[in-house]
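S.K.: Sequence:
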Amino acid sequence: QIDAGGVELTGDGGFVPALVKAALERGLQAELTSHLGYEKGSSEAPKHANSRNGTTPKTVESEVGPIELDVPRDRGGSFTPRL
67 QIDAGGVELT GDGGFVPALV KAALERGLQA ELTSHLGYEK GSSEAPKHAN
117 SRNGTTPKTV ESEVGPIELD VPRDRGGSFT PRL
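For the sequence shown, this note's numbering begins at 67 and goes up steadily by one.
Keep in mind that a hint or two might mislead.
As the list claims (entries may be wrong) - As a list, the in silico DSS-like pairs of lysine-lysine whose alpha-carbon atoms are at most 30 angstroms apart:
hint, residue 1, residue 2
1, Lys106, Lys87
2, Lys124, Lys106
3, Lys124, Lys87
To be verified - Have a look at the derived ranges for each label pair, beta carbon to beta carbon:
hint, residue 1, residue 2, range
4, Gly77, Ser117, 36 to 42 angstroms
5, Gly72, Ala96, 14 to 20 angstroms
6, Lys113, Ala84, 34 to 40 angstroms
In case anyone wonders, no lab produced these hints; they're calculated from the structure. Here a beta-carbon is modelled for each residue, glycine too, at the ideal position from N, C-alpha and C.
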């Protein structure tokens with residue numbers, strides 16, 4: 067499909083930006099898991115005072131262009147991503 071021109075590699079909706087977005091969002095989720103001290107969906111969650119609280123959209127500039135990320139947040143507001 068790539069050779070036939072069926073897949074856009076760069077630009078809006080391209081494969082490379084989507085890959086970068088997925089990698090960054092996975093890293094952000096891992097950071098939040100480390101911050102909270104338990105995995106998403108874990109039975110440990112009720113034992114902790116802080117919890118996940120959805121995401122906030124944020125656009126970051128990258129070498130492949132702007133990428134719209136869903137940055138996770140915590141209920142306590144103490145999570146600051148380092149990525």
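S.K.: Hint by hint, say whether it matches the structure.
M.R.: Each hint, compared with the structure:
no., hint, in the structure
1, Lys106 - Lys87, "holds (20 angstroms)"
2, Lys124 - Lys106, "holds (21 angstroms)"
3, Lys124 - Lys87, "holds (11 angstroms)"
4, Gly77 - Ser117: 36 to 42 angstroms, "holds (37 angstroms)"
5, Gly72 - Ala96: 14 to 20 angstroms, "violated (32 angstroms)"
6, Lys113 - Ala84: 34 to 40 angstroms, "holds (36 angstroms)"
Checked against the numbered hints above, the structure breaks only hint 5 and satisfies the rest.
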